[in-house]
Amino acid sequence: MKHFFLASILAGALALPAAAADYTIMAPAAPGGGWDQTARSLQAVMQSEGVSSNVQVMNVPGAGGTIGLAQFASQQKGNPNALIVGGYVMVGAILTNQSPVTLADVTPIARLTGEYEAIVVPANSDIQNIGQLVEKLKADPGSVSWAGGSAGGVDHIGAGLIAKAAGVDPTKINYIAYSGGGEALAAILGGQVTVGISSYGEFQAQVAAGALRLLAVSSAERIAGADAPTLKESGLDVVLQNWRMVAAAPGLTDEQKAAIQADVEKLAKSAGWQETLKTKNWQDTYLSGAAFEEQLAKDITATEAILKDIGLVK
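Using our numbering, read the sequence shown as starting at 4 and increasing by one per residue.
Note that these hints are calculated values from the structure, not bench results. One or more hints might be untrue.
Derived PhoX-like pairs: lysine-lysine, alpha-carbon spacing no greater than 20 Å straight-line [what the hints assert, rightly or not]:
| no. | residue 1 | residue 2 |
| --- | --- | --- |
| 1 | Lys141 | Lys175 |
| 2 | Lys283 | Lys301 |
| 3 | Lys167 | Lys141 |
| 4 | Lys167 | Lys139 |
Turn these sequences into a full structure, and let the hints guide you.
See the structure below:
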């Protein structure tokens, strides 16, 4: 009888669903920017969709995410409950900062979203359209100050590519890097800079409220709901998409990595995440496993070439 009860208890325990893992997600930037928004969106949807019952977000800003990346890689080794968000910005920052810690020092899990760049000016600016901005840039590149994210990130690359497409030396652009989207936005709204460049979602609310004027977007075709031309149709041959990813700690077992990938896939395919993408105007660029690792390697090579072209990497 004793053996029967023990067997029954064991069978019951095996039949129970595995407890959802608790996660801590690092956003390697200040609050308010794209990585912070991504981390907090992951937190909300993971909890609402039952992927995890408890998700915490921590911010570690600085140097295009490389400070947070270094801390994550050294402190979270072997921890299956630790995640970090990153993306195209981090790829550039690693190269421009000559960071000793790279994405090879963490475990890439999946690319989640893509977002196009937006070029904005304060509503009271005398610049009415992208053509007038290009005229100013051609007349005196240094007189046009650009506010965006970290040096070497997608915003910086975007400003350089716009200058190059306009026939202006991209090494002459006056780019001011901010560690968080909130800081850059304050500088733009306060008229401390000429123009802002960042992901469309970071400016969307202020554009809708009439505080910012949207000059152009970096997509191949116009963005639904955005009253602005593409850079391409404005005569500037630039198409650029920022993407964001989630990675896990280094030193995980294959089983731990597979469990995290399964959780992230459940999140990515959930109704809650699809609604978040729609609300934030993020493109669904979900890619995981070996396919993502292969694409990441290609993106790193391509980014290095672009950064050399615009004088940010030697």
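Hint by hint, work out which the structure violates, then give me just those numbers in ascending order.
When the structure is compared with the hints, only number 2 turns out to be violated.
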